[in-house]
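Now for the letters of each chain:
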Amino acid sequence: MDFKNSDTITGPRTEDHLPGTAQAAVKIVIVGGFGVGKTTMVGSVSEIKPLTTEETMTQAGIGVDDNFGSKSKTATTVAMDFGRISVTDELVLYLFGTPGQERFWFLWNGLFEGALGAVVLIDTRRLEVSFDVMGRLEERGVPFVVAVNDFPDAPRYAVEELRQALDLAEEIPIIRCDVRRRASSRDVLMTLMRFLHSLTMTGAST
Amino acid sequence: MTPPQRRRRKPKQEQPPPPAVEGPQAGAGDRPPERLYILTGEDCERAPIDLVTLIVARADPPHSAAPEQSALLRICQAPLSVAEISAYLNLPISVVTVLLTELLTAELVQARAPVVRQARADRSLLEAVMHGLQKL
Numbered sequence: 001m002d003f004k005n006s007d008t009i010t011g012p013r014t015e016d017h018l019p020g021t022a023q024a025a026v027k028i029v030i031v032g033g034f035g036v037g038k039t040t041m042v043g044s045v046s047e048i049k050p051l052t053t054e055e056t057m058t059q060a061g062i063g064v065d066d067n068f069g070s071k072s073k074t075a076t077t078v079a080m081d082f083g084r085i086s087v088t089d090e091l092v093l094y095l096f097g098t099p100g101q102e103r104f105w106f107l108w109n110g111l112f113e114g115a116l117g118a119v120v121l122i123d124t125r126r127l128e129v130s131f132d133v134m135g136r137l138e139e140r141g142v143p144f145v146v147a148v149n150d151f152p153d154a155p156r157y158a159v160e161e162l163r164q165a166l167d168l169a170e171e172i173p174i175i176r177c178d179v180r181r182r183a184s185s186r187d188v189l190m191t192l193m194r195f196l197h198s199l200t201m202t203g204a205s206t
Numbered sequence: 001m002t003p004p005q006r007r008r009r010k011p012k013q014e015q016p017p018p019p020a021v022e023g024p025q026a027g028a029g030d031r032p033p034e035r036l037y038i039l040t041g042e043d044c045e046r047a048p049i050d051l052v053t054l055i056v057a058r059a060d061p062p063h064s065a066a067p068e069q070s071a072l073l074r075i076c077q078a079p080l081s082v083a084e085i086s087a088y089l090n091l092p093i094s095v096v097t098v099l100l101t102e103l104l105t106a107e108l109v110q111a112r113a114p115v116v117r118q119a120r121a122d123r124s125l126l127e128a129v130m131h132g133l134q135k136l
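In order, the protein sequences belong to chains A and B. The numbering of the first sequence is full-length UniProt numbering, which starts it at 1 and goes up by one. The numbering of the second sequence is full-length UniProt numbering, which starts it at 1 and goes up by one.
Source of the hints: derived by calculation from the structure; they are not laboratory data. Since the model is a prediction, treat every value here as computed from it, not as a measurement. Mixed in with the good hints, there may be bad ones.
[As the list claims (entries may be wrong)] With a cut-off of at most 25 Å between alpha-carbon atoms, the simulated DMTMM-like pairs for lysine to aspartate or glutamate come out as follows:
{"id": "1", "chain 1": "B", "residue 1": "K12", "chain 2": "A", "residue 2": "E170"}
{"id": "2", "chain 1": "B", "residue 1": "K135", "chain 2": "A", "residue 2": "D132"}
{"id": "3", "chain 1": "B", "residue 1": "K135", "chain 2": "A", "residue 2": "E139"}
{"id": "4", "chain 1": "A", "residue 1": "K49", "chain 2": "A", "residue 2": "E90"}
{"id": "5", "chain 1": "B", "residue 1": "K10", "chain 2": "A", "residue 2": "E15"}
{"id": "6", "chain 1": "B", "residue 1": "K10", "chain 2": "A", "residue 2": "E171"}
{"id": "7", "chain 1": "B", "residue 1": "K135", "chain 2": "A", "residue 2": "E90"}
{"id": "8", "chain 1": "B", "residue 1": "K135", "chain 2": "B", "residue 2": "D122"}
{"id": "9", "chain 1": "B", "residue 1": "K12", "chain 2": "B", "residue 2": "E107"}
{"id": "10", "chain 1": "A", "residue 1": "K49", "chain 2": "A", "residue 2": "D16"}
{"id": "11", "chain 1": "B", "residue 1": "K12", "chain 2": "A", "residue 2": "D178"}
{"id": "12", "chain 1": "B", "residue 1": "K12", "chain 2": "A", "residue 2": "E128"}
{"id": "13", "chain 1": "B", "residue 1": "K10", "chain 2": "A", "residue 2": "E139"}
{"id": "14", "chain 1": "A", "residue 1": "K49", "chain 2": "A", "residue 2": "D150"}
{"id": "15", "chain 1": "B", "residue 1": "K12", "chain 2": "A", "residue 2": "D167"}
{"id": "16", "chain 1": "A", "residue 1": "K49", "chain 2": "A", "residue 2": "E15"}
{"id": "17", "chain 1": "B", "residue 1": "K12", "chain 2": "A", "residue 2": "D132"}
{"id": "18", "chain 1": "B", "residue 1": "K10", "chain 2": "A", "residue 2": "D89"}
{"id": "19", "chain 1": "A", "residue 1": "K49", "chain 2": "A", "residue 2": "D187"}
{"id": "20", "chain 1": "B", "residue 1": "K12", "chain 2": "A", "residue 2": "E171"}
{"id": "21", "chain 1": "B", "residue 1": "K10", "chain 2": "A", "residue 2": "E128"}
{"id": "22", "chain 1": "A", "residue 1": "K49", "chain 2": "A", "residue 2": "D178"}
{"id": "23", "chain 1": "B", "residue 1": "K135", "chain 2": "A", "residue 2": "E128"}
{"id": "24", "chain 1": "B", "residue 1": "K10", "chain 2": "A", "residue 2": "E160"}
{"id": "25", "chain 1": "B", "residue 1": "K135", "chain 2": "A", "residue 2": "D187"}
{"id": "26", "chain 1": "A", "residue 1": "K49", "chain 2": "A", "residue 2": "D89"}
{"id": "27", "chain 1": "B", "residue 1": "K10", "chain 2": "A", "residue 2": "D167"}
[As the list claims (entries may be wrong)] Chain B is faced by these chain A residues, among others (derived, beta-carbon under 8 Å):
{"id": "28", "residue": "P12"}
{"id": "29", "residue": "L18"}
{"id": "30", "residue": "A24"}
{"id": "31", "residue": "V26"}
{"id": "32", "residue": "S46"}
{"id": "33", "residue": "M134"}
{"id": "34", "residue": "F151"}
{"id": "35", "residue": "V159"}
{"id": "36", "residue": "R163"}
{"id": "37", "residue": "D167"}
{"id": "38", "residue": "I174"}
{"id": "39", "residue": "R182"}
{"id": "40", "residue": "S184"}
Built from N, CA and C at the ideal position, the CB exists for glycine as well.
Only chain B is shown next, with the shape it has when bound in the complex (with noise of 0.2 Å):
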């Protein structure tokens, strides 16, 4: 029996900028999906927050807080991924990510950036994962 065939891609030479560093311009193939404004308030900007930056809560959550502002600030007391901040509240990420710009602004969250891959990977966090993945 043949197994069906493939064929091979070369890279693309414009790769599209990364978003988590670009800010609020995102390219518009990666445009997050439509907002849902009635949590974002006013400013629409979003963080360079990727899925996996870690999140602290730095204060508990002030009177004035939406409630999945103080549901967010209540569950980070620990350091928490974006992603799960997003799978524990129930959230889409997008909302996660405009609910984080605001704590940020605010200083009631600390981000914790992820280390990203980069043209040369750091050798040494490589052997750090592999490290820990032989404990397993």
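Isolated chain A, as found in the complex (with noise of 0.2 Å):
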């Protein structure tokens, strides 16, 4: 690895340092499909420029990417987009925009664990590929709102239709966008906090 030397390391800019009273952090992950519009949404709402981590994945067994004739064992390296929004002087919201190879959403060691909830973002051109995501946030009890990233040239199923198409329950929000304006951005995850305060209200253990 290449490690720059350590004076060319910047940093963080003067002013995106957090409050020195900054005391803890919160977290939502938005998931959807390649180019779906994650990053475009992170960076809407954002108070600093998004940034990127990385994490090299190497699993076992799972390989589906044929790397150079080899199929036990697969590295990857998996980027994540990600913004942040101080709430207060003491709390801060992390946005992490999950990249579109679905089979490595999982493998980041506590990417879903202690997350707030999740944004599930689809494009109606192209439903089926958040069906697993969604799949799989049931399976962790994750829970998530839908966010319908309207494309001009895009289907438009009315949301009872969605909910049918995405068999979700009744409850769970389903909200059109477009990701490229703050305020809509806002409203997704307006939506996604009043469901998650809404299921305090009933007891629901997710």
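Two chains, two frames, some hints: make the complex.
Structure representation (structure tokens):
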């Protein structure tokens, strides 16, 4: 690995510093297929320019990628874009947009553990690419809302039609959005937060 | 035009334990990738560190510090999440985690643990987040 000379590491700009009073952080994960707008959404609400973190995955046995003819072990670098919103002087919210390789989402050590919840961002032109991740969130008991990023040339289904196609419970919010707009992305996050809030009221465990 | 049809799944009975609070014995499915031992020293134990654990430097880098450790301490003068440290240092999360484990042991950094979702989410926490989002 190349490690840059430590003197060349600049770190955050002064205006990107969190206050020293920042005590704790929470996270929300934005999932969806490749090109659906996850990074755009992170960028539209983040107070910092979105950053990229990465992890190298080495997994035996799930070798879908055939590296140099060897199926026994694969190493893949998975990058994830994320942004930040300072909620108060003490509390910080991080938004992680996971990459398009669905099978790696759940290898991230602790990405979903402890997350408040998730936003499943969908493109109605490729609805089925989000099926697997929704199922996995359900299996893990991670609460989520569904946000439909409205592309101009995408088929427009009625919300109830989508609910039926996605086999979503009545209480799971489905919201249309344009993730390029900050207010629209914020509304999606607010919808998730209200949904999580309602879960605490009904006493549901997830 | 009819959309494709999905089928809902049920929560699995055995939830994998959250590795963030599990310590060194994380479940095999959550096994971190192969380590880059050159950076990790002898002790490969993982500290309970999450992507959004906030890290603050408590001291200046000692002369003995590795360049990566010095850089980490330098950028953590103000609190920074583990994910941000990984991004700025251009190092994978697992490497940052190991660096931090050493720095925590040496008491050169302080870790501020994340607020995790519990069985019953803390309503006041959710309200604080909503309030913050409204100001955006």
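Against the structure, the hints come out as follows:
1. Proposed proximity of K12 (chain B) and E170 (chain A) is supported: the alpha carbons are some 21 Å apart, at most 25 Å.
2. Pair hint K135 (chain B) plus D132 (chain A) does not hold up; C-alpha atoms about 34 Å apart against a cutoff of 25 Å.
3. At most 25 Å may separate the alpha-carbon atoms for a hinted pair to count; K135 (chain B) and E139 (chain A) exceed this at roughly 34 Å.
4. Our distance criterion of 25 Å between C-alpha atoms is met by K49 (chain A) and E90 (chain A), whose separation comes to about 21 Å.
5. At most 25 Å may separate the alpha-carbon atoms for a hinted pair to count; K10 (chain B) and E15 (chain A) exceed this at roughly 45 Å.
6. Between K10 (chain B) and E171 (chain A) the alpha-carbon distance is near 16 Å, which keeps this suggested pair within the 25 Å criterion.
7. Of the pairs offered as hints, the one joining K135 (chain B) and E90 (chain A) holds, with about 16 Å between alpha carbons and a cut-off of 25 Å not exceeded.
8. For the hint linking K135 (chain B) to D122 (chain B), the alpha-carbon distance of about 21 Å falls within 25 Å, and the restraint holds.
9. Restraint check for K12 (chain B) and E107 (chain B): not satisfied, since their Cα atoms lie roughly 39 Å apart, outside the 25 Å limit.
10. Between K49 (chain A) and D16 (chain A), the direct Cα distance comes to roughly 9 Å. Compliance with the 25 Å bound is thereby established for this hinted pair.
11. At roughly 33 Å between alpha-carbon atoms, K12 (chain B) and D178 (chain A) are farther apart than 25 Å, so this suggested pair is violated.
12. With a CA separation close to 22 Å, the supplied pair K12 (chain B) and E128 (chain A) stays within the 25 Å bound.
13. Restraint check: the Cα-Cα separation between K10 (chain B) and E139 (chain A) comes to about 6 Å, which is no more than 25 Å; the hinted pair holds.
14. Of the supplied pair hints, the one linking K49 (chain A) and D150 (chain A) holds, its CA atoms being roughly 24 Å apart against a limit of 25 Å.
15. Proposed proximity of K12 (chain B) and D167 (chain A) is supported: the alpha carbons are some 18 Å apart, at most 25 Å.
16. For a cut-off of 25 Å, the pair hint linking K49 (chain A) to E15 (chain A) stands: about 11 Å separates their Cα positions.
17. At roughly 15 Å between alpha-carbon atoms, K12 (chain B) and D132 (chain A) fall within 25 Å of each other, so this suggested pair holds.
18. Between the alpha carbons of K10 (chain B) and D89 (chain A) the distance comes to roughly 38 Å, so the proposed pair goes past 25 Å and is violated.
19. For the hint linking K49 (chain A) to D187 (chain A), the alpha-carbon distance of about 20 Å falls within 25 Å, and the restraint holds.
20. About 20 Å separates the Cα atoms of K12 (chain B) and E171 (chain A), which keeps this hinted pair within 25 Å; it holds.
21. The hinted pair formed by K10 (chain B) and E128 (chain A) meets the criterion: a straight-line CA distance of about 18 Å does not exceed 25 Å.
22. Proximity of K49 (chain A) to D178 (chain A) is assessed by CA-CA distance (about 19 Å); at most 25 Å being required, the pair is judged to hold.
23. This hinted pair does not check out: K135 (chain B) and E128 (chain A) have alpha carbons roughly 35 Å apart, beyond 25 Å.
24. A hinted pair counts as satisfied when its Cα atoms are at most 25 Å apart, and K10 (chain B) with E160 (chain A) qualifies at roughly 21 Å.
25. At most 25 Å may separate the alpha-carbon atoms for a hinted pair to count; K135 (chain B) and D187 (chain A) meet this at roughly 12 Å.
26. Distance restraint check for K49 (chain A) and D89 (chain A): the Cα-Cα separation of roughly 20 Å lies within the 25 Å cut-off, and the hinted pair is therefore satisfied.
27. The hinted pair formed by K10 (chain B) and D167 (chain A) meets the criterion: a straight-line CA distance of about 12 Å does not exceed 25 Å.
28. The closest approach between the C-beta of P12 (chain A) and any C-beta of chain B is roughly 7 Å, which is under the 8 Å cut-off, so the hint is satisfied.
29. With 8 Å as the threshold, the beta carbon of L18 (chain A) comes within range of chain B, its nearest partner Cβ sitting at about 5 Å, so the hint holds.
30. Interface hint status for A24 (chain A): upheld, as the beta-carbon distance to the closest one in chain B is roughly 5 Å, under 8 Å.
31. At its closest, the beta carbon of V26 (chain A) sits 5 Å from a beta carbon of chain B; the interface hint therefore holds under the 8 Å criterion.
32. The interface hint given for S46 (chain A) is violated, since its Cβ lies 10 Å from the closest Cβ of chain B, which is over the 8 Å cut-off.
33. Because the beta carbon of M134 (chain A) sits about 7 Å from the nearest beta carbon in chain B, less than 8 Å, this interface hint is met.
34. With a least beta-carbon distance of about 15 Å to chain B, the hint placing F151 (chain A) at the interface is violated under the 8 Å criterion.
35. Because the smallest distance between the Cβ of V159 (chain A) and any Cβ of chain B comes to about 12 Å, over 8 Å, the interface hint for this residue is violated.
36. Taking 8 Å as the C-beta contact cut-off toward chain B, the hint placing R163 (chain A) at the interface is violated, the least distance being around 10 Å.
37. A hinted interface residue such as D167 (chain A) counts as satisfied when its beta carbon comes closer than 8 Å to some beta carbon of chain B; here the least separation is about 4 Å, so the hint holds.
38. Because the beta carbon of I174 (chain A) sits about 12 Å from the nearest beta carbon in chain B, more than 8 Å, this interface hint is broken.
39. At a threshold of 8 Å, the smallest CB-CB gap from R182 (chain A) to chain B is about 7 Å, leaving the interface hint in force.
40. Taking 8 Å as the C-beta contact cut-off toward chain B, the hint placing S184 (chain A) at the interface is violated, the least distance being around 11 Å.
Comparing the model with each numbered hint stated earlier shows that hints 2, 3, 5, 9, 11, 18, 23, 32, 34, 35, 36, 38 and 40 do not hold.
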